[in-house]
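Protein chains in written order, with the working numbering: chain V, 13 to 345; chain G, 13 to 345.
Be careful, since some hints might not be right.
Which copy is meant is left open, because identical chains are indistinguishable; a pair holds if it fits in one copy or across any two.
What the hints assert, rightly or not - Here are the simulated lysine to any residue pairs, SDA-like style, with alpha carbons at most 20 Å apart: (1) Lys31 with Lys278; (2) Lys284 with Ala260; (3) Lys200 with Thr84; (4) Lys200 with Pro83; (5) Lys312 with Asn79; (6) Lys200 with His308.
I should point out that these hints are in silico values taken from the structure, not numbers from a laboratory.
Fair warning: this is a prediction, and the values are worked out from it, not measured in the lab.
Number of protein chains: 2
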Amino acid sequence: MKIVIDAMGGDNAPREIIKGAIAALKKRKGFSLVFTGNEAVIAKELSLYSYDKSRVQVRHASEVITNDEAPTSAVRAKRDSSLVVGLKTLKEDTEAGAFISAGSTGALLTGGIMYIGRISGVKRPALCPAIPNVHGGITLLCDAGANADCKSEFLAQFAVMATAYAKAAYRMDNPKVGLLNNGTEDHKGDIMHQEAFALLKETRGINFVGNVEGRDLMFGDCDILVADGFSGNVALKSVEGCGKTVGAILKQEFTKAKIRYLIARKQINEVKNILDYNRHGGAILLGLKKTVVKAHGSSKASTVTATVLQAVDAVEGRTVEHITQMLFGSIEE
Amino acid sequence: MKIVIDAMGGDNAPREIIKGAIAALKKRKGFSLVFTGNEAVIAKELSLYSYDKSRVQVRHASEVITNDEAPTSAVRAKRDSSLVVGLKTLKEDTEAGAFISAGSTGALLTGGIMYIGRISGVKRPALCPAIPNVHGGITLLCDAGANADCKSEFLAQFAVMATAYAKAAYRMDNPKVGLLNNGTEDHKGDIMHQEAFALLKETRGINFVGNVEGRDLMFGDCDILVADGFSGNVALKSVEGCGKTVGAILKQEFTKAKIRYLIARKQINEVKNILDYNRHGGAILLGLKKTVVKAHGSSKASTVTATVLQAVDAVEGRTVEHITQMLFGSIEE
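Take the sequences, apply the hints, and build the full model.
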């Protein structure tokens with residue numbers, strides 16, 4: 013099975029992307045890598061590492077889509093970009109299981125729908141990252157930002173898709189599904205969330221446990237948190253902000269107390285580690301015919317490694333087939 | 013000037029409410045307190061402290077509204093509740109400047125509109141707490157949860173009301189206004205937030221600086237963060253959750269390293285202190301004809317003290333008059 017990777021997307025591309033992906037090869041067997049991007053640049057980066065050459069391929073792409081470009085027109089115009097070539101490789105190569113990019117989220121969403129396509133019957137694909145909790149585990153947040161404008165029936169599908177993903181890739185048994193809302197009581201929320209609550213209660217095959225507030229995001233009370241893409245994005249970035257904020261305060265407080273820092277270093281670093289939402293990889297895009305994963309734009313090598321392994325898990329667990337079966341009762345091949 | 017306080021509302025009422033309010037008397041001159049609630053209970057609590065008796069009054073109220081009750085019917089049915097008696101006192105007593113309650117948010121919102129009334133022309137009153145930032149300062153978040161369903165024109169008014177409040181009570185000069193959105197680029201957001209962005213750009217009298225993401229909530233890049241009440245609530249509770257999460261992780265990590273904790277205690281407590289969003293008081297309800305403040309349900313005495321001083325600042329700064337003037341160009345008396 014092949015994992016295709018956009019070598020040129022992200023703030024730290026190509027160096028950290030290639031370094032992290034190569035490191036993943038040593039952590040797990042049973043897959044190989046296909047890098048897309050400028051062949052000469054990739055070859056130069058690859059020459060820095062020793063690895064099993066039979067497990068690495070390169071597909072040349074002459075262009076790069078940047079974050080400044082309008083997603084739809086960029087995907088249409090730059091057909092030889094590392095992102096589009098990667099998506100085409102995923103689509104055409106029957107051995108390719110997943111595509112990863114740390115580039116433009118908008119371009120990946122648009123390109124994913126355009127080149128890979130939705131599972132027939134899926135209303136809206138959704139981004140589903142794993143956010144850390146205080147117990148060292150994860151909660152899947154779905155949708156974390158693919159769909160700013162949502163209808164309640166989209167949220168019901170997000171719950172089903174994320175449940176299928178949790179079972180397939182994380183081997184969770186009967187994962188608990190919560191609805192991100194502005195209070196825990198059953199009647200809370202705007203009209204759309206009130207409707208979503210009613211729909212989720214009736215949705216078969218999921219284990220809906222009710223409303224969850226922003227303050228409990230990281231306490232692991234549920235395995236899956238369903239959200240509209242707008243407030244889901246606010247929540248995701250708040251978790252990110254929490255890590256950033258705590259890092260900044262710790263730095264500020266311990267700069268004048270270096271010895272104390274050295275003494276408590278192990279514990280302080282563990283705090284930062286638990287809050288680091290990048291350590292669980294990227295955000296999978298659920299609802300497409302093949303696995304597509306968005307890695308954070310600022311991903312360093314360790315995040316890329318985690319993202320590659322996350323993609324391998326998603327493919328090996330047959331996430332797409334599980335989603336299809338849960339939504340429509342049949343396996344699409 | 014009198015600050016009226018619901019002595020019976022909140023998880024730690026009446027003890028912490030009365031203790032905190034009495035402590036505020038010693039911190040500032042120029043105001044007195046009116047407690048509403050069961051007279052005998054309040055008298056017993058007051059007997060625990062020594063204070064200037066001329067600055068404290070009690071108004072008996074035989075009932076209490078709980079969080080479990082439906083707000084509208086509770087406010088209508090329980091006319092002799094500490095909350096309703098407090099609101100009536102604020103309305104009728106010309107010396108009363110503000111009312112504070114740590115009780116049911118819904119009942120306070122409903123009762124505030126019913127008994128105090130909106131400033132004429134205000135579309136929706138909004139909750140506006142001060143959230144902490146890493147520099148030790150604050151950002152006003154408006155709306156933090158009064159209006160789950162918002163239209164873009166509400167958000168434009170929130171920006172104006174919060175600007176007036178920032179100037180009046182916090183003495184901010186030309187406060188920077190950001191819009192909580194799912195990205196920093198100008199075109200981001202669902203349709204309502206795109207419209208709000210356009211409206212905020214054209215709104216006179218405010219210093220609009222553009223979109224702000226959830227990750228930058230606590231970095232103090234803006235003085236005022238405008239939000240719809242749904243995602244504003246998610247953001248507020250995420251900040252709260254950040255403090256809770258970090259507290260839980262620190263406890264977990266340092267339980268097995270007590271000596272290290274003792275050595276780094278000062279810095280660790282400062283981290284918790286900066287993240288404590290309660291230390292700046294409660295959430296003022298902007299847009300009413302008099303000042304109403306919601307204190308957090310779990311408020312301890314120190315939070316109540318901060319909330320009383322916050323209410324004094326709001327009244328002394330003539331917040332209501334500033335809002336009226338900024339919105340409609342005239343002072344309502």
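Cross-check of the supplied hints:
1. In this homomeric assembly, Lys31 and Lys278 never come within 20 Å of each other (Cα to Cα): the closest approach is 26 Å inside a single copy and 40 Å across copies.
2. For the homomeric pair Lys284 and Ala260, the shortest alpha-carbon distances inside one copy (11 Å) and between copies (13 Å) are both at most 20 Å.
3. In this assembly of identical chains, the alpha carbons of Lys200 and Thr84 lie at most 20 Å apart only when taken from different copies (15 Å versus 36 Å within one copy).
4. Taking the shortest Cα distances, Lys200 and Pro83 sit within 20 Å of each other only across copies (12 Å), while inside one copy they are farther apart (35 Å).
5. Taking the shortest alpha-carbon separations for Lys312 and Asn79, only the intra-copy value of 18 Å comes in at or below 20 Å, while the best inter-copy value is 46 Å.
6. With identical chains, the CA atoms of Lys200 and His308 are at most 20 Å apart between copies only, with a shortest distance of 18 Å across copies and 32 Å within one.
Going down the numbered hints, you'll see the structure goes against just number 1.
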